[in-house]
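Chains A and B supply the protein sequences, listed in that same order. Counting with my numbering, you get residues 179 to 567 for the letters of the first sequence. Counting with my numbering, you get residues 5 to 191 for the letters of the second sequence.
Check each hint, because a few of them may be wrong.
Unchecked claim - EDC-like cross-link-like pairs, simulated, lysine to aspartate or glutamate; straight-line CA separation at most 20 Å: (1) A:Lys187 to B:Asp140; (2) A:Lys275 to B:Glu179; (3) A:Lys187 to B:Glu179; (4) A:Lys509 to B:Asp169; (5) A:Lys255 to A:Asp327; (6) A:Lys457 to B:Glu75.
Source of the hints: derived by calculation from the structure; they are not laboratory data.
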Amino acid sequence: MKALVWHGKQDIRYDTVPDPEIEHGRDAIIKVTACAICGSDLHLFHNVIPAMKPGDIVGHETMGEVVEVGADNKKLKVGDRIVVPFNIFCGDCWQCKRGNYSLCEESNRNAALQEKAFGHRTGGLFGYTQLTGGYPGGQAEYLRVPFADTSHIRAPSGFTDEQLLFLSDILPTGWQAAVQCDIQPDDTVANWGCGPVGQMAIRSAILLGARQVIAIDYLPERLSMAAAAGAITINFQEESVLDRLNELTDGKGPEKCIDSVGMEAHGFNAFGTFYDRAKQMSLGESDRPNVLREMVYVCRPGGILSVDGVYGGLIDKFPMGIFMNKGLTMKTGQTHVKRWTDDLLRIIEDGLLDPSFVITHEAPLAEGPKMYRVFEKKQDNCIKVVLKP
Amino acid sequence: MEPSYLPTTGSMTPALRAARLLGWFSLGLGAAELIAPGRIARALGMEGRETLLRAYGAREVLAGVGALSMEPTPHIWGRVAGDAVDLATLYLVPRDADNEQQGNVRTATAVVAGIAVVDLLVAAALTQERGRTKADGSADYSDRSGFPKAPALMRGAAAGAPPPDFRNDPSRNIEHADEVRTASDVQ
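Isolated chain A (complex conformation):
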């Protein structure tokens, strides 16, 4: 089959690879009908998350039609149309029983490697480094889905792939970020980063009843999409985030702050940036802490910081004194996709949200390598790419 394969930094190729096979009775194999490039795929593209191996198939936002099922998989049959959560989980372990699907204790087949790096194991992920299992990803013609009997999201009829595909990742990720904020009717929610996940977080915050939602970015096209959902926008290259947030909150600061940016934050704030760049160049710091530092500083005391952007390693000079003395809470984590998808499917079916609004580019899978570059460079007003095998 054909698939997008990681060969090194900024080197993704459209290669021929072996077809997947059933390896376990609970597996299923799907013929991929749609997949997407995620912002976190760019972290792999940039080789800033460790433990990718040349030859790894990338992609973790995928849906398709079941073409083969394992002998023990009684929940699926050939022809079923499913969306695949980006995390692989067993459904039976201590974490899964508590709904912490991204922390599944059984699905990471490279758990020993991860335990050395993280102290403990977390769940397996599709197409997302050897640390999380080294599972082949879904930017491919076919995908083996481990534990498919429990992990799948059944696609209702009457909806297009474009409307359902983002149940695999960005929609529940934005939703979880907003839910973690415990949004109250008088809350201001500020969201840093208006990429695809940020767009979903903004809409989730509105659906969950925030009084006002503020969207922070520097790309006009992304800010216009955020404004479409009713967010008040701040272009951090044109105005002071701190001043504007204070103006919008009577000097109190937003009660809830969402980091939908993660480890590759842009932005330039005087000395800190030079210091970080120097440390990053000397390999003393792997992730960019701009957004986290800013959130700690601007958040209203007693507020919540919710981090749905991906971090991979080390940051420096986290303002712990401010964080502690302001009594802030930080909630993080890879998204427990299946925990939220029943609610989100209902929201889509009830017509409250059509997630396909975020798609700006569709292309054949074969054009995936080029689309990685378009997405990376934010060319052609690109916000979200869907690929069709």
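Please arrange chain B on chain A, whose structure you already have, making use of the hints.
Just chain B now, kept in the frame of chain A:
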């Protein structure tokens, strides 16, 4: 007719690949200048200028690290500037050196000039393909709310659905500890 997307098989462009090679070359040359400036100085009739050669070595190493980074373009332009400095330095080598050294200087000048041309071509190509153009950022997505109604009418439309509490879901058979364990229970 061949499908139009067939040539697009990889994300690495020739210019990016060339930048990587130049980056490694920079690191190698820089290391040589840092480690053995005396030998280079003798070969080129530049005795006494070892410190200058070390500085050039440090410059090469920095350029190499930059050329291997995610955004090599400014660093390859930096190499072009460095090539100009190198050529000027070679031009100013004292003419009283012996014949062998004169030959080495001519060879080095030719090599640096050749590399300068390569650097220039790669820098120009990278500039051509990098980043956003003026047209980017011009799209207005203000009609893409995803909501069926005005955003103000959607506020709180999904509020009230409490996050699922799996710990109290009997179907999950979560075993709760029924004994308190203290230090005396742990040996």
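Hints, one by one, checked against the model:
{"no.": "1", "hint": "A:Lys187 to B:Asp140", "result": "violated (25 Å)"}
{"no.": "2", "hint": "A:Lys275 to B:Glu179", "result": "holds (10 Å)"}
{"no.": "3", "hint": "A:Lys187 to B:Glu179", "result": "violated (46 Å)"}
{"no.": "4", "hint": "A:Lys509 to B:Asp169", "result": "holds (17 Å)"}
{"no.": "5", "hint": "A:Lys255 to A:Asp327", "result": "holds (10 Å)"}
{"no.": "6", "hint": "A:Lys457 to B:Glu75", "result": "holds (17 Å)"}
Of the numbered hints stated above, those contradicted by the structure are hints 1, 3, listed in ascending order.
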